[in-house]
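Residue numbers (full-length UniProt numbering), protein chains in the order written: chain A, 1 to 91; chain B, 1 to 622.
Some clues are possibly wrong.
Derived pair list, reagent style DSBU-like, types lysine-lysine, alpha-carbon separation capped at 30 angstroms [as the list claims (entries may be wrong)]:
| id | chain 1 | residue 1 | chain 2 | residue 2 |
| --- | --- | --- | --- | --- |
| 1 | A | Lys58 | A | Lys68 |
| 2 | B | Lys195 | A | Lys29 |
| 3 | A | Lys58 | A | Lys43 |
| 4 | B | Lys517 | A | Lys68 |
| 5 | B | Lys604 | A | Lys29 |
| 6 | B | Lys199 | B | Lys325 |
| 7 | A | Lys38 | B | Lys597 |
| 8 | A | Lys44 | B | Lys597 |
| 9 | B | Lys195 | B | Lys137 |
| 10 | A | Lys29 | A | Lys58 |
| 11 | A | Lys43 | B | Lys597 |
| 12 | A | Lys39 | A | Lys58 |
| 13 | B | Lys604 | A | Lys44 |
| 14 | A | Lys58 | B | Lys604 |
| 15 | B | Lys597 | A | Lys58 |
| 16 | A | Lys68 | A | Lys39 |
The hints are simulated quantities; they were obtained by calculation from the structure and are not laboratory data.
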Amino acid sequence: MPPKSTKSNQSTGVTSPSGYLLTCDPPMKQFIINLNDKKSADKKFILEDLDATHLLIKGDVRDEITRKVDEWMDENVFSTIERVGENLDTS
Amino acid sequence: MHQNWEQKISSYFSCSQVQNVLVMPAPSKRKRAGDASSTASKVGRSSADSSASSAANTATQAASELTKIDPQEELLSTSKSLFEYLERLPPGTLRSIYNLPPPGGATVAAAVLRSSSLTDIARQCALRLVACGGKFKVGSIVEKWIQRHGQRDALLALRRLESMGILEPLGLANRPGQGNDDIDDEANDSEKRAKLMAKIACLTPEFKGAMKLHLSTMSSSPWPTIAREQIEEFKKSGGGAKSDGGEKESRDPPAPYELELYTQSSWDSVLHFLVGSDEAGKDKGGVEEPPEVMIQFLTRIGLMQEDPDYNGADRSRAPLVITSKGYEFMLRDTNAQVWQFVLQYLNSLAHHNMKDAIRMEALSFLICLGSCRVGEGYFNSVLQSKSARILMKDLARFGLLFVCRVAGKKAFYPTRVAVNLVASNEKEGSRQTDAIGQSVAATRSLEESLSAPVPSRSHLAVVVQTNFQVVAYTTSKLHISTLALFCDVESYRRLPNVIFFHITRDSIRSAFRLGVKADQILRFLHVHAHPMLRNGDHQLVPSNVTDQILLWDRERRRVVMDEVWAHQCRDSSEFAAVGQYASDLDALAWGNAHTNKLYVHFGKSEMVYAYIRKWRTKHYNS
Numbered sequence: 001m002p003p004k005s006t007k008s009n010q011s012t013g014v015t016s017p018s019g020y021l022l023t024c025d026p027p028m029k030q031f032i033i034n035l036n037d038k039k040s041a042d043k044k045f046i047l048e049d050l051d052a053t054h055l056l057i058k059g060d061v062r063d064e065i066t067r068k069v070d071e072w073m074d075e076n077v078f079s080t081i082e083r084v085g086e087n088l089d090t091s
Numbered sequence: 001m002h003q004n005w006e007q008k009i010s011s012y013f014s015c016s017q018v019q020n021v022l023v024m025p026a027p028s029k030r031k032r033a034g035d036a037s038s039t040a041s042k043v044g045r046s047s048a049d050s051s052a053s054s055a056a057n058t059a060t061q062a063a064s065e066l067t068k069i070d071p072q073e074e075l076l077s078t079s080k081s082l083f084e085y086l087e088r089l090p091p092g093t094l095r096s097i098y099n100l101p102p103p104g105g106a107t108v109a110a111a112v113l114r115s116s117s118l119t120d121i122a123r124q125c126a127l128r129l130v131a132c133g134g135k136f137k138v139g140s141i142v143e144k145w146i147q148r149h150g151q152r153d154a155l156l157a158l159r160r161l162e163s164m165g166i167l168e169p170l171g172l173a174n175r176p177g178q179g180n181d182d183i184d185d186e187a188n189d190s191e192k193r194a195k196l197m198a199k200i201a202c203l204t205p206e207f208k209g210a211m212k213l214h215l216s217t218m219s220s221s222p223w224p225t226i227a228r229e230q231i232e233e234f235k236k237s238g239g240g241a242k243s244d245g246g247e248k249e250s251r252d253p254p255a256p257y258e259l260e261l262y263t264q265s266s267w268d269s270v271l272h273f274l275v276g277s278d279e280a281g282k283d284k285g286g287v288e289e290p291p292e293v294m295i296q297f298l299t300r301i302g303l304m305q306e307d308p309d310y311n312g313a314d315r316s317r318a319p320l321v322i323t324s325k326g327y328e329f330m331l332r333d334t335n336a337q338v339w340q341f342v343l344q345y346l347n348s349l350a351h352h353n354m355k356d357a358i359r360m361e362a363l364s365f366l367i368c369l370g371s372c373r374v375g376e377g378y379f380n381s382v383l384q385s386k387s388a389r390i391l392m393k394d395l396a397r398f399g400l401l402f403v404c405r406v407a408g409k410k411a412f413y414p415t416r417v418a419v420n421l422v423a424s425n426e427k428e429g430s431r432q433t434d435a436i437g438q439s440v441a442a443t444r445s446l447e448e449s450l451s452a453p454v455p456s457r458s459h460l461a462v463v464v465q466t467n468f469q470v471v472a473y474t475t476s477k478l479h480i481s482t483l484a485l486f487c488d489v490e491s492y493r494r495l496p497n498v499i500f501f502h503i504t505r506d507s508i509r510s511a512f513r514l515g516v517k518a519d520q521i522l523r524f525l526h527v528h529a530h531p532m533l534r535n536g537d538h539q540l541v542p543s544n545v546t547d548q549i550l551l552w553d554r555e556r557r558r559v560v561m562d563e564v565w566a567h568q569c570r571d572s573s574e575f576a577a578v579g580q581y582a583s584d585l586d587a588l589a590w591g592n593a594h595t596n597k598l599y600v601h602f603g604k605s606e607m608v609y610a611y612i613r614k615w616r617t618k619h620y621n622s
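Pulled out of the complex, with its shape left as it was, chain A reads as follows (with noise of 0.2 angstroms):
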């Protein structure tokens, strides 16, 4: 079977991206769908759902999850600084 003549804009070598693989855990894959839900349907940037941790998404919108996931993950630290003894900040 010869190759296909539909690859003919490929028969040069050159290659064009399909999108960028999202690799995470399942919690923030979860995250990342919700992300994906809230959007209007134009909007939307999963291209793919691959398996629990994977996806193909639209290259724009990685700022934005980047953003947002950093947010998200902000929202969960608790820290206290413990000042344990006498304060000896004299200011």
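Position chain B relative to chain A; hints supplied.
Structure of chain B alone, referenced to chain A:
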């Protein structure tokens, strides 16, 4: 002749007007800046290039020459340690290093033999060959000496010996970085094998001579050390009185902790400059600005750059700021930092017409220093050639040597860093975390400075507590700004000799954003742990803190996004073949065996695509 290339080295190293920046940087420097040299005064924190005078031209010329580097030199310039550097030299150069007059050649040969460049088997082979006259049949070596380990290891050992210039070429040689597959061919192909086995393995005369000399010398140090009696005798003969003739006065040999302090302070000046702490250049007790050659080094290695936010009209006057590579550098231990500088020094010789001779001299001198003991001194007169003496002065500037006058003659004392440059590199692979901690002299000098009534500037001792509080015994602004890279700066408290910091998620994350890595932070905390922690069986950094820092680091990689190219295979055999090829290339991102679909990293997609086309013509057209 000598005169000529001596000048050339100096021009690579310093601006021509200020050739004599050598020896101890501290007292002479300010005077020099005052009296004449316009270059020296202009350097400041503006770029060294700013002086468009002829002096700077030499330096920039050298810098631009450095940019066109041949592959061999480039390989050398990325070496992480002294022995990696040696491994990358061509065997011919190594052979001529072994051939240097004593003590150079013999010491290098012994150091190479001891280093991790050779496997245990290779070491055995080399020593046995020395003992049995230098010649032996390859077949006998492989089959009789090393049976147990299998012949592949034996052949690899021989190849390594060959590439290190220890054996005469057998036709096995292979530079590091290439695969070992052909060794398997060699072992399996019976015809080739028989040919190889019949060959005679022969030590190079250079290595054999050097090794014999080394084995038959009595003393462990390369040069005769300065004996106590010599100093006593000199004092008795009233040698101290002669100092009126413009010569500097002789002094007592430095104590080990004094050497340690000297090393630390000569580095401090460089590091202060890097972080730009305003302590530098202050009159009282402040650390001097490093010599301008150092500043050139810093820009050339990429640790500092001209401030990209500088708005002034004259770009060349932009102040220098630290780069992320510089932050990384700060958190490394002194040995690694010094190696960077020595490497630059060796590289700066790369375009010299007598580069090989000088480089050989430099390497053998460094290795000789490695077999010295800290606290022992040597008279300058042990260095025969003039280039070695220039080298000695240059190395003194890096803090590798302490130069002074003892018993009426010039003498040099190797410091811990010089000695460890060789020793610690041998353990490079084993992820050695506390290089400083293992040095007794270092610990003692730290303890001494901690117990001193008036805190000195050069020490740093850190205790990390399980509640993420960092207690740092230091008075130096430099150490504080290093700690502030990854500690919370808002919540600090301080006492005259102690500063309390907290490690928080935010502070660690801001360090990560600067390009600092988690294990650099941990390593820094390990290296500078308080000496009292080392005495007990405590952990230097509590494990909850270690784990948390690593978790914070991992958190940043929770979501990874890669640009990919998707390929739909026609059947499972294509999927298997392409998948195999892509994973060998390290290009496979994800694959699904049910749908026969592959995702390949976009950067390598063209190579994979080319393979697919080849595979398809082969399998579908036939």
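The hints, checked one at a time:
no., hint, result
1, A:Lys58 - A:Lys68, "holds (16 angstroms)"
2, B:Lys195 - A:Lys29, "violated (60 angstroms)"
3, A:Lys58 - A:Lys43, "holds (10 angstroms)"
4, B:Lys517 - A:Lys68, "holds (23 angstroms)"
5, B:Lys604 - A:Lys29, "holds (26 angstroms)"
6, B:Lys199 - B:Lys325, "violated (49 angstroms)"
7, A:Lys38 - B:Lys597, "holds (29 angstroms)"
8, A:Lys44 - B:Lys597, "holds (23 angstroms)"
9, B:Lys195 - B:Lys137, "holds (11 angstroms)"
10, A:Lys29 - A:Lys58, "holds (15 angstroms)"
11, A:Lys43 - B:Lys597, "holds (26 angstroms)"
12, A:Lys39 - A:Lys58, "holds (14 angstroms)"
13, B:Lys604 - A:Lys44, "holds (28 angstroms)"
14, A:Lys58 - B:Lys604, "holds (19 angstroms)"
15, B:Lys597 - A:Lys58, "holds (18 angstroms)"
16, A:Lys68 - A:Lys39, "holds (13 angstroms)"
In this structure, the hints that do not hold are numbers 2, 6, in rising order.
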